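Q: Sequence:
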Amino acid sequence: MPPETEAVLRQTNFSAVDWAIVIIYPCFTLLIGLYVRKFITNMKGFVTAGQGLGLWLGIATMTGTELGLITVMYSAEKGFNGGFAAFHIALAAGISTLLVGMTGFLVYRLREMQVLTIPEFYGKRFDKKTRILGGLMLALGGILNMGLFLKVGSMFIVGITGLSISSWALPLTMISLISLVLIYTCLGGMISVVLSDYVQFVVLSFGLLITTYLALANVGWENILQTVQNEMGSKGFDPTISEGEFGWRYIIWMVFLGLVSCGIWPTAVARALAMESPALVKRQYMLASVSYMIRFLIPYFWGICAFVFIMQSDSLRNIFYPAGYPAPEQLLDDQVALDGLYAMPVFLGKILPAGIIGIITAGMIAAFMSTHDSYLLCWSSVLTQDVVAPICESLGHPLGNKTRVNLSRFFIVSIGLYVLYWGLIYQGKDDIWDYMAITGAIYFTGAFAVLLGGLYWERASSAGAFLALLSGLIAIVGLGPVRERISDSLDISLSSAGVGLFSIGFSLVVLILGSLLIPDQRTTHRAVRLKRAPTKIGISVLLVVALTGGILFVVAQYNAWKLLWTFVLILGVVLFALLAITVTVGGASDVIKLFRQLEVERQEEQDEKSS
116 MPPETEAVLR QTNFSAVDWA IVIIYPCFTL LIGLYVRKFI TNMKGFVTAG
166 QGLGLWLGIA TMTGTELGLI TVMYSAEKGF NGGFAAFHIA LAAGISTLLV
216 GMTGFLVYRL REMQVLTIPE FYGKRFDKKT RILGGLMLAL GGILNMGLFL
266 KVGSMFIVGI TGLSISSWAL PLTMISLISL VLIYTCLGGM ISVVLSDYVQ
316 FVVLSFGLLI TTYLALANVG WENILQTVQN EMGSKGFDPT ISEGEFGWRY
366 IIWMVFLGLV SCGIWPTAVA RALAMESPAL VKRQYMLASV SYMIRFLIPY
416 FWGICAFVFI MQSDSLRNIF YPAGYPAPEQ LLDDQVALDG LYAMPVFLGK
466 ILPAGIIGII TAGMIAAFMS THDSYLLCWS SVLTQDVVAP ICESLGHPLG
516 NKTRVNLSRF FIVSIGLYVL YWGLIYQGKD DIWDYMAITG AIYFTGAFAV
566 LLGGLYWERA SSAGAFLALL SGLIAIVGLG PVRERISDSL DISLSSAGVG
616 LFSIGFSLVV LILGSLLIPD QRTTHRAVRL KRAPTKIGIS VLLVVALTGG
666 ILFVVAQYNA WKLLWTFVLI LGVVLFALLA ITVTVGGASD VIKLFRQLEV
716 ERQEEQDEKS S
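Numbering (the working numbering), first residue to last: 116 to 726.
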């Protein structure tokens, strides 16, 4: 990278005080892991924190997990590239989570069955081989999904601090961060994860609100609207325009992803399974719908602000768009465009004052750690509980609690090393969000069919479930390098959204046909039914869908997208501010209750061993 470009990017407000804040915070998190290690006495405590989370702590840890640095980065990239039109993804996420909370769809019964993982449900409902395959598919999709987390998170730190983008800074940051995460996740399991999530929620929630205010004050609301209109045109506001970043097929794909991210994605479901009771799960999801929307909404807005800031700075515009905007398909040999992922951290590094920028960066590192520890713990526990343990039991060598915990720790370290390797070598061209959606689809397309059939259809068979899980592998076609090669070979046009939607439909068809053609010889588990009357659930869903659809129809008819997104942004920020205050206070009380419960359980287990 030219020296003059490096000089521009190093101009940041990051100071020695900010470095001190950033260094001290992770050390505090490590102390949490050391302290809670004494409470880890069995696999239940390691994976679900003893299933003792109160409502507010449950919301904090769910938000902490899903509002990770990777989320902030890929969302900002979407806002940077797509403008206000990207807000439809946030709206879909919030509404889907609200519907899951209202109906208890999938998650209520999973918690009621007291399973530790989703593949454990496969074993109870179907058979052992389905559980093992489900665990493998979940781990494959999940580990691929988090493959770029480390690299993208490190890019944020490099961009906001002004470190050299083209030298040792990025790989060294990646190594340092993954080492820290591996240490404290191995020490404290889910208890460590939950407590760090709570601290992260407090720091990052108020940091998000403060940063949003400063970003808005710096570029100005009218200036933002005008610049997006001038540069992007209508596609910067209207997500239905197919010539833009999105279109109707993409919108439908995002609605399904909104449902998946809260109701099927295992790191989110793990929070539901750790709640005190099934009834609290519904309340958790209804309240968390605000944070599920805001985790996209605010970063989108930051990306839009970064776009406006960069377009109005000649030096930065030439760095990100050396061939002009919009960027052409191919750059000239002597032109190098800086990755759009750097736009938001570079913007924040130049507008946030010293001290504040350190707190925000510390909060983002907390978010990074929170997501990584949750994902590492989830995939490692699935491999232990749902793959290795059932195989060992079949061979007549059941695993004890201590062996399971240690094996999970081994998987945590192994996955962490893979994430470091994958982040250094993968060179796909998709937006990070689209990459994550399609890698996650390897797991969740089959899982959606199996959970839906297993919970609500008595005739769903183990053969149908097994085949539906395998069919999720079709989603691999949606990965950028694979999709491009197939498109070139067959001379057809493929999109990640199209591949994702096809894999969903295909998995459902496979489940139905497989169950009808190869039924189970004897029904050992009846499909679980919703306790509430289906008509009440249907009415609730229809009311929300009808209201949302009606609003969008009116907006489209009168081209009132600017007004809609302004309203959504203001409402989302206000609701999130109220939620942040309530969860901060209520979560502190839940932490005290959790420690009391864990201490009682620890004493009881010690008494049993001594007697």
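These aren't lab readings, by the way, just hints derived from the structure by calculation.
Bear in mind that the values here come from a model prediction, so they are computed numbers and not experimental data.
Just so you know, even glycine gets a beta-carbon here, dropped at the ideal spot from N, CA and C.
You may find that some hints are simply not true.
[What the hints assert, rightly or not] Simulated DEER-style distance windows between Cβ atoms: (1) V669 <-> I298: 49 to 57 Å; (2) L609 <-> I298: 37 to 45 Å; (3) I298 <-> V597: 33 to 41 Å; (4) R600 <-> W283: 32 to 40 Å.
Q: Hint by hint, note whether the structure agrees.
A: Hints versus structure:
no.	hint	verdict
1	V669 <-> I298: 49 to 57 Å	holds (53 Å)
2	L609 <-> I298: 37 to 45 Å	holds (42 Å)
3	I298 <-> V597: 33 to 41 Å	holds (35 Å)
4	R600 <-> W283: 32 to 40 Å	holds (33 Å)
This entry satisfies every hint, going by the numbered hints stated previously.
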